[in-house]
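K.L.:
The lines below spell out each chain.
Number of protein chains: 4
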Amino acid sequence: MARERTAKKREEHEVEFSRIVAFSDGVFSIAITLLVLDLKLPRDLANDEIWHALGAQHEQFLAYAISFAVIARFWFVHHSFFSEVKAFDSRLIGLNMLYLAFIVLIPFSSQVLGEYGGTLPAVVVYSANLSAVVLVGQWMAWDARHSGLAKADLQTKRESFVRSMFIAGVFLGSIVIAVFDAGIAPYIWLLLFFEGRGHVIERLSRRIS
Amino acid sequence: MARERTAKKREEHEVEFSRIVAFSDGVFSIAITLLVLDLKLPRDLANDEIWHALGAQHEQFLAYAISFAVIARFWFVHHSFFSEVKAFDSRLIGLNMLYLAFIVLIPFSSQVLGEYGGTLPAVVVYSANLSAVVLVGQWMAWDARHSGLAKADLQTKRESFVRSMFIAGVFLGSIVIAVFDAGIAPYIWLLLFFEGRGHVIERLSRRIS
Amino acid sequence: MARERTAKKREEHEVEFSRIVAFSDGVFSIAITLLVLDLKLPRDLANDEIWHALGAQHEQFLAYAISFAVIARFWFVHHSFFSEVKAFDSRLIGLNMLYLAFIVLIPFSSQVLGEYGGTLPAVVVYSANLSAVVLVGQWMAWDARHSGLAKADLQTKRESFVRSMFIAGVFLGSIVIAVFDAGIAPYIWLLLFFEGRGHVIERLSRRIS
Amino acid sequence: MARERTAKKREEHEVEFSRIVAFSDGVFSIAITLLVLDLKLPRDLANDEIWHALGAQHEQFLAYAISFAVIARFWFVHHSFFSEVKAFDSRLIGLNMLYLAFIVLIPFSSQVLGEYGGTLPAVVVYSANLSAVVLVGQWMAWDARHSGLAKADLQTKRESFVRSMFIAGVFLGSIVIAVFDAGIAPYIWLLLFFEGRGHVIERLSRRIS
Numbered sequence: 001m002a003r004e005r006t007a008k009k010r011e012e013h014e015v016e017f018s019r020i021v022a023f024s025d026g027v028f029s030i031a032i033t034l035l036v037l038d039l040k041l042p043r044d045l046a047n048d049e050i051w052h053a054l055g056a057q058h059e060q061f062l063a064y065a066i067s068f069a070v071i072a073r074f075w076f077v078h079h080s081f082f083s084e085v086k087a088f089d090s091r092l093i094g095l096n097m098l099y100l101a102f103i104v105l106i107p108f109s110s111q112v113l114g115e116y117g118g119t120l121p122a123v124v125v126y127s128a129n130l131s132a133v134v135l136v137g138q139w140m141a142w143d144a145r146h147s148g149l150a151k152a153d154l155q156t157k158r159e160s161f162v163r164s165m166f167i168a169g170v171f172l173g174s175i176v177i178a179v180f181d182a183g184i185a186p187y188i189w190l191l192l193f194f195e196g197r198g199h200v201i202e203r204l205s206r207r208i209s
Numbered sequence: 001m002a003r004e005r006t007a008k009k010r011e012e013h014e015v016e017f018s019r020i021v022a023f024s025d026g027v028f029s030i031a032i033t034l035l036v037l038d039l040k041l042p043r044d045l046a047n048d049e050i051w052h053a054l055g056a057q058h059e060q061f062l063a064y065a066i067s068f069a070v071i072a073r074f075w076f077v078h079h080s081f082f083s084e085v086k087a088f089d090s091r092l093i094g095l096n097m098l099y100l101a102f103i104v105l106i107p108f109s110s111q112v113l114g115e116y117g118g119t120l121p122a123v124v125v126y127s128a129n130l131s132a133v134v135l136v137g138q139w140m141a142w143d144a145r146h147s148g149l150a151k152a153d154l155q156t157k158r159e160s161f162v163r164s165m166f167i168a169g170v171f172l173g174s175i176v177i178a179v180f181d182a183g184i185a186p187y188i189w190l191l192l193f194f195e196g197r198g199h200v201i202e203r204l205s206r207r208i209s
Numbered sequence: 001m002a003r004e005r006t007a008k009k010r011e012e013h014e015v016e017f018s019r020i021v022a023f024s025d026g027v028f029s030i031a032i033t034l035l036v037l038d039l040k041l042p043r044d045l046a047n048d049e050i051w052h053a054l055g056a057q058h059e060q061f062l063a064y065a066i067s068f069a070v071i072a073r074f075w076f077v078h079h080s081f082f083s084e085v086k087a088f089d090s091r092l093i094g095l096n097m098l099y100l101a102f103i104v105l106i107p108f109s110s111q112v113l114g115e116y117g118g119t120l121p122a123v124v125v126y127s128a129n130l131s132a133v134v135l136v137g138q139w140m141a142w143d144a145r146h147s148g149l150a151k152a153d154l155q156t157k158r159e160s161f162v163r164s165m166f167i168a169g170v171f172l173g174s175i176v177i178a179v180f181d182a183g184i185a186p187y188i189w190l191l192l193f194f195e196g197r198g199h200v201i202e203r204l205s206r207r208i209s
Numbered sequence: 001m002a003r004e005r006t007a008k009k010r011e012e013h014e015v016e017f018s019r020i021v022a023f024s025d026g027v028f029s030i031a032i033t034l035l036v037l038d039l040k041l042p043r044d045l046a047n048d049e050i051w052h053a054l055g056a057q058h059e060q061f062l063a064y065a066i067s068f069a070v071i072a073r074f075w076f077v078h079h080s081f082f083s084e085v086k087a088f089d090s091r092l093i094g095l096n097m098l099y100l101a102f103i104v105l106i107p108f109s110s111q112v113l114g115e116y117g118g119t120l121p122a123v124v125v126y127s128a129n130l131s132a133v134v135l136v137g138q139w140m141a142w143d144a145r146h147s148g149l150a151k152a153d154l155q156t157k158r159e160s161f162v163r164s165m166f167i168a169g170v171f172l173g174s175i176v177i178a179v180f181d182a183g184i185a186p187y188i189w190l191l192l193f194f195e196g197r198g199h200v201i202e203r204l205s206r207r208i209s
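Those protein sequences? They're chains U, D, X and F, same order as listed. With the working numbering, the residue at position 78 of the first sequence is 78, and numbering never jumps. With the working numbering, the residue at position 78 of the second sequence is 78, and numbering never jumps. With the working numbering, the residue at position 151 of the third sequence is 151, and numbering never jumps. With the working numbering, the residue at position 195 of the fourth sequence is 195, and numbering never jumps.
If you are wondering where the hints come from, they were derived from the structure by calculation, not from laboratory data. Values in this document were obtained by computation on a predicted structure and should not be read as measured data. Mixed in with the good hints, there may be bad ones.
The list cannot tell twin chains apart, which means a pair is met if one copy fits it or any two copies do.
Simulated crosslink set (DSS-like; lysine-lysine; CA at most 30 Å straight-line) [to be verified]: (1) LYS9 <-> LYS157; (2) LYS86 <-> LYS40; (3) LYS9 <-> LYS40; (4) LYS40 <-> LYS157; (5) LYS8 <-> LYS40; (6) LYS151 <-> LYS40; (7) LYS86 <-> LYS157.
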């Protein structure tokens, strides 16, 4: 029952290929911009209540900053991955759609995080959402590289794998920790700082070879 | 009173052609991203109410998943159709706009479905909306192929026709069934699974030839 | 004090030119998609109230249909105009932005129309908004053609002018009529049907030559 | 610990480069269109209350007009800057994302300004937001020019610097003034009119050389 995969080469179907990328970019840019809708001042406040109302939104501002950085980072990874894609088929398009479905959920998860920051449900929703993005992204990359749609050298593949597992691990780990103390969980996310440091990931990837 | 149709060739008006596609992609990507706005946690819940409030949204999550998949699928079909379009005129642009008008309605219908899942009005609104997309899409494809704007071989034309009638039939049929039992209707939609299986459609299309 | 106009040729600055078009298309596609946000069912209705609530939105659905058609039409005209643009300068970009500022207002005006359909304020807001789009659009076109940025033959120029004056006239006229009877005004808009009939505009344009 | 910067040339990575630009344009066009969401008439007004309700929104309309012009202007500057970019690296992408994060905040700041126009918090939020856009924009431009990613002659660099400092100065200055009288601050912003007059900036830039 293996479905045949008829890949289309990128250079021969440039318009179709760029539509996939344009659609993805559209979804990314809208999702990242919708984050601002979680920031809302109540109407009809007295003058001396405005500062207070702004201050009361500090968790929403924090959630905005985190989620903006997260979506921007995912866009960057998506961007890098698609620059190595040489051909596409309907499975790649399907996985990309699944990936985008979790990207689009981020404004919702971010709203939950902004509203209920220190609680278990917020940590679970946010971490599960971001883990899903990373895992589906790795699935898509693995599948495309495996079937020859994307060309990547061994080191890139390994780094991409280690990086994804690291991020997903941090998020899933933070869920476990949140069961005991939901307030600590977000600090675990600070470990993601190391993901940005290329040499940490590089060293880890070398170790597994 | 037949209005003259002066078609512009795609390769000679590449910028204009790609604007039609870019505009459509923009509408698709915004409509699909607006689906997330139907997911909203109430503010100021007590900690032990958050799980409950999330659980109470399970129909909204389901509607989100279904509608995301539906719009993604329509985008894919639109994408495939436009890759065979070789020229365009104002009628194609007009039909494409009518098609997009029903795509843009999906977030509304999806909200109705998420809110009033098991009821007749929800089934009618959702099914009518999606049937309209499929039927207008088939009209646009038929018109473009008939007038030489799009090139498709006989088998593609037949499959496209059978596929559209199948989908529209499932949705319109579910309306009839919903009159008797609105709760069953969504299960009828599971028949759409067969639309994804190419060989079913292929076999059906062969039969009509 | 005449400010110097240093036009950039389209073919030499293709990326910059296509950014202007892409930005405009983005704004058009978002504005047209935001129209759906005016359609909203209240939550927590009893089953037998849903049909009623949907019926109570019939003016919103009508406003959606009208405004979708209107923005789609404006997009089409913008599309046609920009296909004759051969060069651009900062004034064209500025006028295009002013034009888009009124396009972006349409979802607001449409909400007012949907909510307060038969009233004077709704007719004034909606008509003023659409007139502004048409007049700024004509200003932009006239300016670009006059300064050599866009090439159009005499007949195209005349038709474009007559068309714009006709549309603006219908809308501004409907404001005058609405002062006496706001309920009649929308029927005046049906005169716009003739704008789509090319030969009426053509005949009128010939008459002025 | 200087991180190596491996720049990619624009002409060799045209698709990747245009994705950065397309993503930015998407964000700009969505942010500018979301401004309309701050304009909302209450439902169920009596006929004679509609004019009053529209009039009560005059500050929202003003905020809409100002913010539309501001985002349009920023888009124009972004547009000009990216037309001189010849290569890109991950730092430029990162700075561009930081820049866009402040662009996306503008609809929020604009809502605060529209709602609480004459108050200190509104002036601070709005001015701080716009100053941040200008300063990050200048940082990005300086960094790109300094590292050879963007080519600009000395005069362009100076003008860009003077212009940014002028705008940021006006906004930050208006915060200081707002501490004493928040109602005057917006009039200070009218100084920005001079930014549009090229020769003022030009003269100032010549003076510093």
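K.L.:
Each hint: holds or not?
P.N.:
Cross-check of the supplied hints:
1. Proximity of LYS9 to LYS157 under the C-alpha cut-off of 30 Å is found in both arrangements, the shortest distances being 21 Å within a copy and 24 Å between copies.
2. Within a single copy, LYS86 and LYS40 get their C-alpha atoms no closer than 43 Å, and across copies no closer than 39 Å, so neither meets the 30 Å cut-off.
3. For the identical chains of this complex, LYS9 and LYS40 are neighbours neither inside a copy (46 Å) nor across copies (41 Å), given an alpha-carbon limit of 30 Å.
4. Taking the shortest Cα distances, LYS40 and LYS157 never come within 30 Å of each other, neither inside one copy (42 Å) nor across copies (38 Å).
5. In the homo-oligomer, the alpha carbons of LYS8 and LYS40 never lie at most 30 Å apart, since the shortest distance is 46 Å inside one protomer and 40 Å across protomers.
6. Taking the shortest alpha-carbon separations for LYS151 and LYS40, neither the intra-copy value of 45 Å nor the inter-copy value of 41 Å comes in at or below 30 Å.
7. In this homomeric assembly, LYS86 and LYS157 come within 30 Å of each other (Cα to Cα) both inside a single copy, at 16 Å, and across copies, at 29 Å.
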